[in-house]
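Take the given structure of chain A and dock chain B to it, following the hints.
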Amino acid sequence: MKNIVIKEFKLMIKEKGNFFFLILMPLLFIVVFGSIFSQTASSTLIVNIQDLDHSAASQAFIKQIGQLKGFQVKEDSRSSVSSEIQKIKKGNLSSLVVIDKGFEKGLRNGQGMIHFYKDAAQPASTAPIQAILQNMSAQYREQKLAQSLQAGGMSPQQIGRTLAAPLRIQPVEENGSRFDFMSQIVPGYTVMFVFFIMNSMVRRFFQEKESGMIARIQGTPLNPLSYLAGMWIPSFISVLIQCTVLLACGYFFYHLHLGNPFAVSLIVICLALCGTGLGLALALIVRSENQGLGVTQLLTLGGAIVAGLWFPSDMLPSFAQKIGYFTPQYWAMSGFQDVMIRGAGLGSIWKNLIILILIGLAGLALALIRFKPFVRSAAH
Amino acid sequence: METVVDIHQLKKQFGSKAALDDVTFSIRKGSCFGLLGPNGAGKSTAMKILTGILPADGGSVRVFGLDAVRQRQAVQRQVGYVPQEITLYDKLSATDNLKFFGGLYGIKGGLLKTRMDEVLRETGLLDRANDPVKTFSGGMKRRINIACALLHQPKLLILDEPTVGIDPQSRNHIFDMIRHLRDSGVTIIYSTHYMEEVEALCDDIAIIDRGKVIAQGHLQDLFDHFAQKAVYLETDRPFHPESFASIKKSYTRDRGWVLETDQPLSVMRSILDRNEADQSLKINAIEMVKPSLEDVFLSLTGTSLRD
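First to last, the sequence lines map onto chains A and B. Each residue of the first sequence is one higher than the one before, starting from 36 at the first, in the working numbering. Each residue of the second sequence is one higher than the one before, starting from 9 at the first, in the working numbering.
Only chain A is shown next, with the shape it has when bound in the complex (with noise of 0.2 Å):
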């Protein structure tokens, strides 16, 4: 057995493609994705205004948006309005607020107006506006609430409490600290590309296969089992490689919080069995190689998805999040985020461990099933 562990090892090494499948994509994947996440977290949204009053409350009203965190007001008193809407209506432009002329006088007399002209096919980008500017309305009505009291002879502690909401939300991040885009996308890329080792898998046992090899090591002294498990061995030891290197760029080059080293390595040996188990069980049930690249590019895509391991599977239709519980990508992942996001031990991972660990044996005794019809076929 070792001696097969140690030729597919060599194998592997001549491969390139291996190292770029394994490891240089899944890394790629990590740093195009992390920087561009990581700008829309930092990144702050445009208002376009167009101001036709030029008074004093209408640049009040620009400056309050202006001072709002994530906000920048850009006005371009160059461009007319009905320009900045044809741009919307090709799609050039998201959003635009157009401050009417008689804002002042309108605000005076209870009539104030604006218009907030939105592209419906960008509501990511407009419905923040769109909010703070009824935010904003809301704050002008109790400020006229509040004139009304103060005429009415109410003091401005009276007024305080009669206009003081009913209801108080207080955010509290539990995990604030520790949660940011790279804990989704590191260990959501490392469990998606864990599972293109079954790829390598089905390639080398066919190319065993229709080389006559494995017909030629049946006529030798050595046992089935050990040529399978010398197949096996070097795939999931490449596996513990991967996930090691992609975790540590994580933690070195983004700060990425590990959280337990000994749960997240065990999530890894769970997770190399369970992509190897699955693997080798493909490999040996497959037709063709291109039926076993199919069936992988549908596990590992269509899993990556449902797990959650591109956004949040919270974000998914509920249906496609029960979907996500039925792939092993969803237990790793979710065990990789309980561990680094919320800080979880062995005892709140056992389930995720164990549900991986069947998966695997389970293409394990699967592999064990198939491998003497397959060897038969590959004796002709």
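Hints should not be assumed to be uniformly reliable.
To be verified - Computed Cβ-Cβ distance ranges for the label pairs, DEER-style: (1) A:259 <-> B:99: 21 to 27 Å; (2) B:99 <-> A:332: 21 to 27 Å; (3) A:260 <-> B:47: 30 to 36 Å; (4) B:222 <-> A:60: 54 to 60 Å; (5) A:408 <-> B:47: 57 to 63 Å; (6) B:99 <-> A:279: 21 to 27 Å.
Stated by the list, open to error - Pairs of lysine-lysine, DSS-like flavour, derived with a Cα cap of 30 Å: (7) B:163 <-> A:407; (8) A:244 <-> B:163; (9) A:244 <-> B:220; (10) A:407 <-> B:220; (11) A:51 <-> B:142; (12) A:407 <-> B:99; (13) A:122 <-> A:109; (14) A:407 <-> B:116; (15) A:45 <-> B:25; (16) A:49 <-> B:163; (17) A:244 <-> B:142; (18) A:407 <-> B:121; (19) B:99 <-> A:37; (20) B:116 <-> A:244; (21) B:116 <-> A:37; (22) A:51 <-> A:357; (23) A:244 <-> B:290; (24) B:19 <-> A:407; (25) B:121 <-> A:45; (26) A:37 <-> A:244; (27) B:99 <-> A:244; (28) B:116 <-> A:45; (29) A:49 <-> B:121; (30) A:244 <-> B:19; (31) B:142 <-> A:45; (32) B:99 <-> A:51; (33) A:136 <-> A:98; (34) B:163 <-> A:37; (35) A:37 <-> B:142; (36) A:49 <-> B:256; (37) A:386 <-> A:357; (38) A:49 <-> B:142; (39) A:37 <-> B:121.
No lab work stands behind these hints, which were simulated from the structure alone. For glycine and all other residues, C-beta sits at the position ideal for the given N, C-alpha and C.
Positioned in the frame of chain A, the structure of chain B alone reads:
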């Protein structure tokens, strides 16, 4: 006569096709046994059953007195098998391939190194030991393919079409290796569809066609039994074969005549006597036709081996 291989009524069926149908033959210790037959005759199937790669559907195979099915691993330790395909790891060096195959037979350490040096020397590839196999010519790959089966010093070497698609130089090298192995006491089974190779290397042969052994025995015995003796005559004058009573059949070949007869020496004497008497024939060449396995195969099946 000590036999090392006894195959008795061997059967193998692939679907509705009988790949081997009651195949029976035995192989003498220390001989080079040729298994001759056209492509698809069942040679490779027989080799694979012999080495335990394929199970038989019936019959028995004994190698060195051991049951090849029940005592498979014990048999495999004494047998070296060279498949028809070049089964090597192209990206690995010759040394790495040899290490791998040596390991399959449990050879390691100093013994493995010594044996690797020996087989590399025998195959003439010592200077290319560390080069990747993908940089080798077809003939060199064939030689390493054989070397991988020699590391454990097998007592029986099975070669399945070992010279397909190689240059004459490599072919001669392989022939020399086989002769050297036979001289050192290794029993060899040589499967091929090239008759010239069997004639050049083998002592005993079995001819197999459509899954059946149609003839077997010592090479010379087969010629004696199945090849028609003949005389080849080249003359510038008109020749009338019917005027010689002992000529059974005649036909032209190249610039002369092939005269089939059971008494070639007598026919040659008669022709020479007549020419000496009346000078009616101007003889350019007269010789006995050396029988070939092609003639044997033709005689047995009515078709050419190359058909």
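How the hints compare with the structure:
no., hint, verdict
1, A:259 <-> B:99: 21 to 27 Å, "holds (24 Å)"
2, B:99 <-> A:332: 21 to 27 Å, "holds (26 Å)"
3, A:260 <-> B:47: 30 to 36 Å, "holds (35 Å)"
4, B:222 <-> A:60: 54 to 60 Å, "holds (59 Å)"
5, A:408 <-> B:47: 57 to 63 Å, "violated (27 Å)"
6, B:99 <-> A:279: 21 to 27 Å, "holds (26 Å)"
7, B:163 <-> A:407, "holds (29 Å)"
8, A:244 <-> B:163, "holds (28 Å)"
9, A:244 <-> B:220, "holds (29 Å)"
10, A:407 <-> B:220, "holds (29 Å)"
11, A:51 <-> B:142, "holds (16 Å)"
12, A:407 <-> B:99, "holds (28 Å)"
13, A:122 <-> A:109, "holds (15 Å)"
14, A:407 <-> B:116, "holds (28 Å)"
15, A:45 <-> B:25, "violated (41 Å)"
16, A:49 <-> B:163, "violated (35 Å)"
17, A:244 <-> B:142, "holds (19 Å)"
18, A:407 <-> B:121, "violated (34 Å)"
19, B:99 <-> A:37, "holds (19 Å)"
20, B:116 <-> A:244, "holds (26 Å)"
21, B:116 <-> A:37, "holds (12 Å)"
22, A:51 <-> A:357, "violated (38 Å)"
23, A:244 <-> B:290, "violated (64 Å)"
24, B:19 <-> A:407, "holds (21 Å)"
25, B:121 <-> A:45, "holds (19 Å)"
26, A:37 <-> A:244, "holds (20 Å)"
27, B:99 <-> A:244, "holds (17 Å)"
28, B:116 <-> A:45, "holds (18 Å)"
29, A:49 <-> B:121, "holds (23 Å)"
30, A:244 <-> B:19, "holds (25 Å)"
31, B:142 <-> A:45, "holds (15 Å)"
32, B:99 <-> A:51, "holds (11 Å)"
33, A:136 <-> A:98, "holds (18 Å)"
34, B:163 <-> A:37, "holds (26 Å)"
35, A:37 <-> B:142, "holds (24 Å)"
36, A:49 <-> B:256, "violated (67 Å)"
37, A:386 <-> A:357, "holds (17 Å)"
38, A:49 <-> B:142, "holds (12 Å)"
39, A:37 <-> B:121, "holds (17 Å)"
The structure fails hints 5, 15, 16, 18, 22, 23 and 36 (numbered hints given earlier, in ascending order).
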